[in-house]
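Asks: This is what each chain is made of:
Number of protein chains: 2
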Amino acid sequence: MRIVELKVHSIAIADPPLRSSYGLHAPYALRTVLELVSDDGVTGVSETLGGDAIAQQFEALRPKLLGADPFRLAGALLPLIEQLPGTSLDRSQTFHPPGTNPLDANARLYSAIEIAALDLIGKAVGQPVCDLLGGRVRDEVPFSAYAFYKHAGGGGESGGQDNDARDDEYGEALTPESLVRQVQRMIALYGFLDVKLKAGVLAPELEIETIRQLRVALGPDVPLRIDPNCAWSVETSVKVGEALVEELADGGYLEDPTAELAGMAAVRARLLAAGIETPLASNVAVTSFADLPEAVRASAVQIVLCDPHYWGGVQQVQHLGKICQTFGLGLSMHSNSHLGVSLLAMTHAAAATPHLSYACDTHYPWQSERDEIVAGGRVPIVNGCVRIPDKPGLGVDLDYDQLARGRERYRTCRYHMRDDAAEMRKHVDPDWRRVLPRW
Amino acid sequence: MRIVELKVHSIAIADPPLRSSYGLHAPYALRTVLELVSDDGVTGVSETLGGDAIAQQFEALRPKLLGADPFRLAGALLPLIEQLPGTSLDRSQTFHPPGTNPLDANARLYSAIEIAALDLIGKAVGQPVCDLLGGRVRDEVPFSAYAFYKHAGGGGESGGQDNDARDDEYGEALTPESLVRQVQRMIALYGFLDVKLKAGVLAPELEIETIRQLRVALGPDVPLRIDPNCAWSVETSVKVGEALVEELADGGYLEDPTAELAGMAAVRARLLAAGIETPLASNVAVTSFADLPEAVRASAVQIVLCDPHYWGGVQQVQHLGKICQTFGLGLSMHSNSHLGVSLLAMTHAAAATPHLSYACDTHYPWQSERDEIVAGGRVPIVNGCVRIPDKPGLGVDLDYDQLARGRERYRTCRYHMRDDAAEMRKHVDPDWRRVLPRW
Numbered sequence: 139m140r141i142v143e144l145k146v147h148s149i150a151i152a153d154p155p156l157r158s159s160y161g162l163h164a165p166y167a168l169r170t171v172l173e174l175v176s177d178d179g180v181t182g183v184s185e186t187l188g189g190d191a192i193a194q195q196f197e198a199l200r201p202k203l204l205g206a207d208p209f210r211l212a213g214a215l216l217p218l219i220e221q222l223p224g225t226s227l228d229r230s231q232t233f234h235p236p237g238t239n240p241l242d243a244n245a246r247l248y249s250a251i252e253i254a255a256l257d258l259i260g261k262a263v264g265q266p267v268c269d270l271l272g273g274r275v276r277d278e279v280p281f282s283a284y285a286f287y288k289h290a291g292g293g294g295e296s297g298g299q300d301n302d303a304r305d306d307e308y309g310e311a312l313t314p315e316s317l318v319r320q321v322q323r324m325i326a327l328y329g330f331l332d333v334k335l336k337a338g339v340l341a342p343e344l345e346i347e348t349i350r351q352l353r354v355a356l357g358p359d360v361p362l363r364i365d366p367n368c369a370w371s372v373e374t375s376v377k378v379g380e381a382l383v384e385e386l387a388d389g390g391y392l393e394d395p396t397a398e399l400a401g402m403a404a405v406r407a408r409l410l411a412a413g414i415e416t417p418l419a420s421n422v423a424v425t426s427f428a429d430l431p432e433a434v435r436a437s438a439v440q441i442v443l444c445d446p447h448y449w450g451g452v453q454q455v456q457h458l459g460k461i462c463q464t465f466g467l468g469l470s471m472h473s474n475s476h477l478g479v480s481l482l483a484m485t486h487a488a489a490a491t492p493h494l495s496y497a498c499d500t501h502y503p504w505q506s507e508r509d510e511i512v513a514g515g516r517v518p519i520v521n522g523c524v525r526i527p528d529k530p531g532l533g534v535d536l537d538y539d540q541l542a543r544g545r546e547r548y549r550t551c552r553y554h555m556r557d558d559a560a561e562m563r564k565h566v567d568p569d570w571r572r573v574l575p576r577w
Numbered sequence: 139m140r141i142v143e144l145k146v147h148s149i150a151i152a153d154p155p156l157r158s159s160y161g162l163h164a165p166y167a168l169r170t171v172l173e174l175v176s177d178d179g180v181t182g183v184s185e186t187l188g189g190d191a192i193a194q195q196f197e198a199l200r201p202k203l204l205g206a207d208p209f210r211l212a213g214a215l216l217p218l219i220e221q222l223p224g225t226s227l228d229r230s231q232t233f234h235p236p237g238t239n240p241l242d243a244n245a246r247l248y249s250a251i252e253i254a255a256l257d258l259i260g261k262a263v264g265q266p267v268c269d270l271l272g273g274r275v276r277d278e279v280p281f282s283a284y285a286f287y288k289h290a291g292g293g294g295e296s297g298g299q300d301n302d303a304r305d306d307e308y309g310e311a312l313t314p315e316s317l318v319r320q321v322q323r324m325i326a327l328y329g330f331l332d333v334k335l336k337a338g339v340l341a342p343e344l345e346i347e348t349i350r351q352l353r354v355a356l357g358p359d360v361p362l363r364i365d366p367n368c369a370w371s372v373e374t375s376v377k378v379g380e381a382l383v384e385e386l387a388d389g390g391y392l393e394d395p396t397a398e399l400a401g402m403a404a405v406r407a408r409l410l411a412a413g414i415e416t417p418l419a420s421n422v423a424v425t426s427f428a429d430l431p432e433a434v435r436a437s438a439v440q441i442v443l444c445d446p447h448y449w450g451g452v453q454q455v456q457h458l459g460k461i462c463q464t465f466g467l468g469l470s471m472h473s474n475s476h477l478g479v480s481l482l483a484m485t486h487a488a489a490a491t492p493h494l495s496y497a498c499d500t501h502y503p504w505q506s507e508r509d510e511i512v513a514g515g516r517v518p519i520v521n522g523c524v525r526i527p528d529k530p531g532l533g534v535d536l537d538y539d540q541l542a543r544g545r546e547r548y549r550t551c552r553y554h555m556r557d558d559a560a561e562m563r564k565h566v567d568p569d570w571r572r573v574l575p576r577w
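Protein sequences, first through last, are from chains V and R.
Last residue of the first sequence: 577 in my numbering, with the numbers rising by one and none dropped.
Last residue of the second sequence: 577 in my numbering, with the numbers rising by one and none dropped.
There may be inaccurate statements among the hints.
[Unchecked claim] Computed list of lysine-lysine pairs in DSBU-like fashion (alpha-carbon distance at most 35 Å, straight line):
(1) R:LYS564 - R:LYS202
(2) V:LYS529 - R:LYS529
(3) R:LYS529 - V:LYS145
(4) R:LYS564 - R:LYS529
(5) V:LYS529 - R:LYS145
(6) V:LYS202 - V:LYS564
(7) V:LYS529 - V:LYS564
(8) V:LYS202 - V:LYS529
(9) R:LYS202 - V:LYS529
(10) R:LYS529 - R:LYS145
(11) R:LYS377 - R:LYS202
(12) V:LYS564 - V:LYS377
(13) R:LYS529 - V:LYS202
These aren't lab readings, by the way, just hints derived from the structure by calculation.
Small disclaimer: the values here were computed from a predicted structure and weren't measured.
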């Protein structure tokens with residue numbers, strides 16, 4: 139079997155005005171959809187981060203991909219995932235918007251190609267992706283509700299080309315009370331059993347209050363996690379950890395409270411000294427294998443957030459899971475704004491990774507069914523879980539009309555690169571810039 | 139696809155009187171050959187350690203294997219590879235003959251089942267095993283000459299049932315000079331480019347002299363490694379490391395000079411303090427994933443010897459490779475007395491493990507072509523390398539007449555459990571027992 143065609147589709151999807159320490163989500167999230175076509179006419183699909191830059195990088199790989207055997211892509215593309223060694227500081231995601239760390243660019247490219255190749259292989263041999271690499275350890279994968287402080291308004295800009303953007307399904311949420319209503323609605327729709335709050339947006343006291351109100355509203359059995367994306371100093375991180383010691387217990391965690399491994403290690407040491415065992419999770423201080431030795435040595439991180447889009451694909455996530463299991467770390471999964479192809483890739487990766495010990499993140503509830511490119515519409519999330527489809531490969535086919543719609547919108551919209559800080563300046567505060575720590 | 143039949147074949151193969159710190163190889167090495175048959179009539183094969191105990195353990199797994207989907211064995215058998223956490227001391231191979239550490243028993247069982255399932259899957263989908271799990275990174279795998287001090291005599295005992303045992307192809311080697319002749323003959327036959335000396339048998343001065351004579355005889359470009367299986371004290375290990383600093387440079391290593399991680403760490407620290415960077419390798423202090431955190435923390439080991447028979451199969455070896463790559467350790471491969479099915483499993487595992495950074499060990503030259511169970515005879519080793527066959531699965535079919543011969547010999551021989559110390563008492567020294575450190 140040989141790859142005879144590569145198709146790179148840049149699409150734009152409606153995205154609500156979600157806030158984080160990086161700034162404000164633009165009206166459109168950008169995605170890239172890859173198709174690898176084999177000489178016997180089977181097509182493998184994947185979805186990853188979008189924008190002009192990554193699409194050009196895929197095009198540059200075309201000569202290596204055409205003619206390659208999908209079963210042997212690791213050998214053909216090994217240099218892509220063999221990264222230069224570097225210090226944690228060199229590699230850190232801390233000062234880059236998600237998905238733009240240049241030092242992880244190769245792993246992101248390789249991820250999308252590996253997943254499309256696995257979809258192709260699965261379709262060719264009649265097996266789901268999760269059963270191609272050792273076999274599934276679970277038939278369904280739990281995801282958590284991913285709550286954001288947000289402004290009112292749907293994903294598009296009013297009028298003109300953007301009037302097909304999604305409705306404002308959840309409304310404004312810039313207070314603890316409105317955030318709790320957002321989570322309750324999301325749980326009612328999807329049945330999530332875990333909740334993650336994207337923090338680093340309001341003053342820490344308000345975010346602490348939000349978690350407390352979530353605990354009261356949801357009862358004692360829903361694990362809660364809070365993620366300010368490094369917005370806090372070590373001092374503030376410790377204070378939040380102390381304030382939320384009960385709320386984050388029993389399956390919750392404190393994710394990237396402060397910047398860099400040294401900061402995380404200091405927070406961990408001070409919390410432990412205060413008798414607080416709330417684990418620290420990370421997908422900012424630790425974004426690649428090169429970060430792990432120092433993270434382990436310094437006890438800076440107790441839970442790593444994998445993501446098959448970032449870490450080099452499904453097999454690299456399995457490796458990461460074994461590393462975490464071996465070194466006593468937990469494993470959760472990171473997410474970006476995405477459609478159903480990515481959701482299923484994440485689900486297959488999680489199903490084939492025994493050590494995955496926490497419900498995965500997903501932005502999926504924030505995307506619109508009107509933008510879905512999966513034939514048959516949105517992938518169901520039931521009781522907070524996505525089931526592995528009883529079909530080969532990832533278990534999805536593309537809706538090519540919808541794909542064409544996404545491509546056309548990418549062509550006509552003004553957003554071809556993620557820049558949450560620019561959006562923040564445009565819509566909220568003309569002088570805004572990302573400051574770490576902010577509190 | 140479902141597994142409808144499990145066949146467990148215990149066989150005995152001729153083995154020469156090789157010496158190590160464990161004692162003396164018995165006239166027969168014991169192997170187990172597994173066959174997994176699918177409902178569409180495809181058979182997957184693997185070979186592993188032998189003896190009555192492991193055969194009974196496979197039989198006990200029969201209810202879990204029959205009806206299972208080979209693509210989903212990881213999920214079905216996960217408890218087998220999920221081992222209880224334990225200290226390094228609990229888990230250490232140090233005080234057990236190779237392949238008998240009870241705490242790694244599950245990983246050994248799982249290995250053989252995974253490899254047979256991969257052979258079955260490969261045959262079913264028309265792909266070599268090394269291309270089923272991410273794809274090969276090399277088409278041929280280098281092995282090293284594995285030199286042993288040995289007594290004269292072939293593998294069988296003279297007369298009677300044993301007279302079909304192999305000839306004494308290499309003769310006695312209990313001096314530096316005869317050991318050099320053994321290596322030269324082995325290199326002439328197989329083209330090996332690396333040499334490993336099994337040490338811990340003669341006084342350290344004689345083993346140092348052996349390495350020095352090997353260096354003179356083979357010239358400067360052949361990496362040399364020496365492995366006394368923990369026979370030395372820390373003091374002696376350091377002295378040998380100092381004496382052989384030049385001979386073990388440039389791709390060589392000092393393997394398990396002394397017992398346990400604390401001892402290895404002490405040797406490493408003292409060698410470094412003396413300015414000697416010879417890396418320490420291990421397949422005794424480190425035999426499972428549970429050993430790795432302390433090995434890394436204490437800098438006790440710089441090279442881990444994987445072995446798909448011990449570590450849980452091909453995928454677990456890939457995980458181990460990624461761990462070693464991530465934490466700056468080298469990766470080599472361990473061997474036991476084996477036939478061609480195991481040799482190909484080792485070759486496929488090595489081909490699919492990018493980080494493998496040293497030539498693999500193999501006992502294959504010590505086994506007889508008269509015992510080979512692979513249809514068509516011995517697997518060729520050319521220029522020190524085994525090529526991945528251009529066939530699906532492992533690339534071998536069984537010779538069932540030869541398999542029956544091995545079974546019959548197992549039935550009639552008196553050896554059903556490896557006990558190198560008992561052989562030593564029987565043939566060399568009636569009072570012999572394994573003492574660590576001996577020197």
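Asks: None of the hints should be skipped; say for each whether it holds.
Replies: Now for the hints, and whether the structure bears them out:
As the CA atoms of LYS564 of chain R and LYS202 of chain R are separated by approximately 41 Å, the hinted pair breaks the 35 Å bound. About 28 Å separates the Cα atoms of LYS529 of chain V and LYS529 of chain R, which keeps this hinted pair within 35 Å; it holds. Using a Cα cut-off of 35 Å, the hinted pair LYS529 of chain R and LYS145 of chain V holds, with the two alpha carbons roughly 31 Å apart. For the proposed pair LYS564 of chain R and LYS529 of chain R, the alpha carbon gap of about 45 Å is over 35 Å, so the pair is violated.
Distance check on the hinted pair: LYS529 of chain V and LYS145 of chain R sit about 31 Å apart at the alpha-carbon level, within 35 Å; holds. Under the criterion of a C-alpha separation no larger than 35 Å, the hint pairing LYS202 of chain V with LYS564 of chain V is inconsistent with the structure, at around 41 Å. Among the hinted pairs, LYS529 of chain V with LYS564 of chain V is inconsistent with the structure: their alpha-carbon atoms are about 45 Å apart, more than 35 Å. In summary, the hint linking LYS202 of chain V to LYS529 of chain V is supported, as the alpha carbons are separated by about 29 Å, within the 35 Å threshold.
Taking the CA atoms of LYS202 of chain R and LYS529 of chain V, the gap is near 25 Å; set against the 35 Å cutoff, the hint holds. Note on LYS529 of chain R and LYS145 of chain R: the hinted pairing holds, with a Cα-Cα distance of about 23 Å set against a maximum of 35 Å. Note on LYS377 of chain R and LYS202 of chain R: the hinted pairing is violated, with a Cα-Cα distance of about 51 Å set against a maximum of 35 Å. Taken as a hint, the LYS564 of chain V and LYS377 of chain V pair is honoured in the structure, with Cα atoms around 33 Å apart against an allowance of 35 Å.
This hinted pair checks out: LYS529 of chain R and LYS202 of chain V have alpha carbons roughly 25 Å apart, not beyond 35 Å.
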